[in-house]
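Participant: Model the full structure from these sequences, guided by the hints.
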Amino acid sequence: MYKDLEQALLDLEKAGMLKRVQREVDPYLEMAEIARQTFDAHGPAILFEHVKGSPFRAVCNVFGSQERLDYLFRDTLKETQTAVLFKSNPVEFFKHASPANLLNAARTGIHSLPRKSGSIHDFEECKLSDLPQIVCWPEDGGAFVTLPQVATRPGEKSSIMTTNVGMYRIQISGNDYAANECGLHYQIKRDIARHHQKAIEEGRPLKVSIFIGGPPAHTVSAVMPMPENLSELLFAGMLSGRRFRYFIHDGYLVSSDADFCILGELQPELKPEGPFGDHIGYYSDRHPFPYLKVKKVLCKKNAIYPFTVVGRPPQEDTLFGNFIHQITKPMVPASIPGLIALHAVDEAGVHPLCLALAHERFRPYAKPDEQEPLELLKTAHAILGFNQASLTKYLLIAAQEDETQNHKIDVNNVAGFFSHILERIDFSRDLHFETCTSIDTLDYTGSKINHGSKLTIAAAGPVRRKLRHDPNDLKGLNIPGVQAANIPMPGAIILECDAYDENTRDTLIQQIEAALDCWQYRENYPWITLVDSAPILDHSLNTTKLSDFLWLTFTRSNPAKDVFGFKANIQDKHWRCNAPIIIDARIKPHHQKALCITKEISHQAQQILSEEKILTGVR
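Using the numbering used here, the first residue of the sequence shown is number 1, and each one after it goes up by one.
Calculated from the structure, these hints are not laboratory results.
Please read all numbers here as calculations on a predicted model, not as lab measurements.
We put the CB at the ideal spot given by N, CA and C, even for glycine.
Errors might be hidden in some of the hints.
As the list claims (entries may be wrong) - Label-pair distances were calculated between CB atoms; the ranges are:
| # | residue 1 | residue 2 | range |
| --- | --- | --- | --- |
| 1 | LEU113 | GLU67 | 28 to 36 Å |
| 2 | THR435 | GLU600 | 41 to 49 Å |
| 3 | ALA415 | HIS121 | 29 to 37 Å |
What the hints assert, rightly or not - Taking lysine-lysine and the BS3-like style, the derived pairs with C-alpha atoms no more than 27 Å apart in a straight line are:
| # | residue 1 | residue 2 |
| --- | --- | --- |
| 4 | LYS198 | LYS52 |
| 5 | LYS573 | LYS545 |
| 6 | LYS329 | LYS157 |
| 7 | LYS52 | LYS599 |
| 8 | LYS198 | LYS3 |
| 9 | LYS448 | LYS593 |
| 10 | LYS3 | LYS301 |
Facilitator: Structure, rendered in structure tokens:
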């Protein structure tokens, strides 16, 4: 039960999970690269004692390993999971609950309730420019707060229980922002959007509180996918084993335990925000977004500034996602009837690809070889309308009824799940597009920001084809304009082609189809991805890993625009084809740059880590 961030960090240090850097470090690129290299090396959390240009200390990689997450929440995780199980399935909970479980659930519930405590006199005032001005990637538009807890309420007099807490990046320098302004990049379909809309309709500014630091559970609560109108403050109390402490100052909610609190009003007009190196692995561009007119910046004495770095997965936020999944696993199936398991694939950028396992009971009397996806489509539509899963771009959904004693379907086994789908998919029936719809704000494959398309692939029933994984098969596939080919997993091929040219794409697809028409293994490889990006990988396309296949395929394609198929046609307004489908995942002119760091900055970070002996003893 940590009272604040420093208490948690001292505990990590005592356990050998945190090291300090005593020298002055530069928040411009250097600190972020140190964080990335430490995460990649499975290193410790790092406390920077002297940050250039700031009076405050900073810490990174706090949540950067499963070991640290388990350690930080060792006293509260089990009780939190019990409470979530109770919330998601009360009948099942009471059926199997022991007296101890009932007592723990009651105690956890009491700890969940926010408590009024503290006052403005517990804080000092500072300026936005005093915060560590951390810039993570060379083309970022300025410094960003990357672990904020952004709290809003529908109105100043609204109950504390209506508070929404989310994690939306905050730009604190650069662009057209004045000294007392910061950008607030909230994404579509978040509760803060509802609060903002209500404030606009009522002709008043929305008061926003941004907390930084505090007990680690408070940071985790900001990324918790709570149901609408259920406050993340409850979860913060659960996971910390200590009620969330707060007070109200001039209509603003203030976290009594936060290291920093930024208080301000969202303005009616917009200002350019970004660019920012994002978690999909590319920059998100500069766009008009709401901004905050800052009224006060509060800090605790000896405050510590936590930060994280996002980029091509996996990064620290990958561990965040896995940890949240540990806790919320019972909630999603309980929210969508028929759904058994859901996996937003981190290596594909999270929202671009989601794998789902559900029931197919529409025709329980059907013979196994007559089964087809019907109930799966109903469940797929529910997924695409559920919480953050609604941002999914490619949804692959399979039927649990196709499991056998020797064949289990696991959404977390990505290659195995793909094999199951590719073996069974009927390309004339099982591809379902949604065009001209909303997609993730950070996904630039669509026609414009927030606009794109989706593809659901639903497969149920008998095995239709045998998949192969033999490099020798590729020798018979000769296609003009293709420089290299690789098989990242059974049934899938990556082809490295000439750079994208809209004027020649149709010709390339025709050449691929002509080659496939006389290739004996066409049915054995029902998935082909086209790329032009081998130079941005750390290795040759000839050694392409599954993670490369996932990242390149799903972050660089817009289903309605970039999915093709062998002998594709339309029947009764349904797009269909024969195997294989062909996904053009080459870089298009409107795509954003992939993230990369200069060799100079990389070398500086390596040198500091070496001289400070941060990674000494790390396996």
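Participant: Each hint needs a verdict: does it hold in this structure or not?
Facilitator: Hints, one by one, checked against the model:
1. LEU113 with GLU67: 28 to 36 Å: Hint holds: Cβ distance 31 Å, inside 28 to 36 Å.
2. THR435 with GLU600: 41 to 49 Å: About 45 Å separates the Cβ atoms of THR435 and GLU600, which means 41 to 49 Å holds.
3. ALA415 with HIS121: 29 to 37 Å: Roughly 57 Å apart at Cβ, these two residues miss the hinted range, so it is violated.
4. LYS198 with LYS52: violated (41 Å)
5. LYS573 with LYS545: violated (37 Å)
6. LYS329 with LYS157: At roughly 34 Å apart (the allowed maximum being 27 Å), LYS157 and LYS329 break the hint.
7. LYS52 with LYS599: Roughly 21 Å separates the two Cα atoms, so the pair holds.
8. LYS198 with LYS3: Between LYS198 and LYS3 the Cα gap is close to 34 Å, so the pair fails against 27 Å, i.e. violated.
9. LYS448 with LYS593: Satisfied, since the Cα-Cα distance of roughly 16 Å is no more than 27 Å.
10. LYS3 with LYS301: holds (14 Å)
Going through the hint list in order, the structure does not satisfy hints 3, 4, 5, 6, 8.
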